[in-house]
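For the sequence shown, the numbering used here assigns the number 590 to the initial residue and increments by one for each residue that follows.
Don't take each hint at face value.
[What the hints assert, rightly or not] 25 Å max Cα-Cα, derived DSS-like pairs, lysine-lysine: (1) Lys759 <-> Lys669; (2) Lys615 <-> Lys709; (3) Lys759 <-> Lys748; (4) Lys710 <-> Lys766; (5) Lys684 <-> Lys704; (6) Lys615 <-> Lys704; (7) Lys769 <-> Lys759; (8) Lys710 <-> Lys768; (9) Lys709 <-> Lys769; (10) Lys769 <-> Lys597; (11) Lys710 <-> Lys722; (12) Lys615 <-> Lys641; (13) Lys604 <-> Lys748; (14) Lys731 <-> Lys759; (15) Lys604 <-> Lys704; (16) Lys641 <-> Lys604.
Just so you know, the hints here were simulated from the structure itself, not pulled from any lab data.
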Amino acid sequence: MYQEIIEKIRPELDKVIIFLERELVKIRIGRPSISLVEDIKVECFGQKIPLKQLGAISSSDSRQILIQPWDNSYIEPIVKAISQANLGVNPIVDKDLIRISFPPLSEEYRKDILKLLAQKKEDTRQTIRHWRKVAWDEIQDKFQEGEISEDDKYRGKDKLQELIDEYNGKVEELIEKKKKEIME
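Please put together the full structure from these sequences, using the hints given.
See below:
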């Protein structure tokens, strides 16, 4: 019985890890990735459309992203959306092309990124703790209702902690990998 409760939160914990991976990809280190801009929502035709659906996005060199809109009428809304995305850059229109130049990483910027990583790590661990509490509360409820024995309750607690430790390990691994990228 407790195994089912624990297995029920595994997909939620997987989603937490996937979300963290996506968030970490957005953090720029060295060469800017097109993932920094591809999901920016652009106000177009009275709706918000992801940038990747409005043009071709490429990386021209180690510090620049190029956006080639499918239609020139998209240029102004794209520039506006990028400016509002808090990337710390100013898009430059070059005929029918939008250039985004990223400055080299300064020591101060690296420190800011490390702080951001610490925050993302804590937020992720907090979400994992939430799911641990959900499962533990359900195990305790089943014990109170007499559906599981006291021995199974404590076995469930141990198994739940093993699962939580596994996912905290994945978080630690992802954060450490990103830290290494930053310090290179």
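We went through each hint and held it up to the structure:
A hinted pair counts as satisfied when its Cα atoms are at most 25 Å apart, and Lys759 with Lys669 does not qualify at roughly 37 Å. For the suggested pair Lys615 and Lys709, the alpha carbons sit about 12 Å apart, so the restraint of at most 25 Å is met. Restraint check for Lys759 and Lys748: satisfied, since their Cα atoms lie roughly 17 Å apart, inside the 25 Å limit. For the proposed pair Lys710 and Lys766, the alpha carbon gap of about 12 Å is at most 25 Å, so the pair holds.
Between Lys684 and Lys704 the CA atoms are separated by roughly 38 Å; this puts the pair beyond 25 Å, and the hint is violated. For the proposed pair Lys615 and Lys704, the alpha carbon gap of about 15 Å is at most 25 Å, so the pair holds. For a cut-off of 25 Å, the pair hint linking Lys769 to Lys759 stands: about 16 Å separates their Cα positions. For the hint pairing Lys710 with Lys768, the CA-to-CA distance comes to about 12 Å; that is within 25 Å, so the pair holds.
Of the supplied pair hints, the one linking Lys709 and Lys769 holds, its CA atoms being roughly 16 Å apart against a limit of 25 Å. Simply put, Lys769 and Lys597 have alpha-carbon atoms about 34 Å apart, too far for the 25 Å limit, and the pair is violated. A hinted pair counts as satisfied when its Cα atoms are at most 25 Å apart, and Lys710 with Lys722 qualifies at roughly 18 Å. The suggested pairing of Lys615 with Lys641 holds, with an alpha-carbon distance near 15 Å, which does not exceed 25 Å.
For a cut-off of 25 Å, the pair hint linking Lys604 to Lys748 stands: about 20 Å separates their Cα positions. Straight-line distance between C-alpha atoms of Lys731 and Lys759 comes to about 29 Å, which puts the hinted pair past the 25 Å bound. Between Lys604 and Lys704, the direct Cα distance comes to roughly 23 Å. Compliance with the 25 Å bound is thereby established for this hinted pair. The hinted pair formed by Lys641 and Lys604 meets the criterion: a straight-line CA distance of about 23 Å does not exceed 25 Å.
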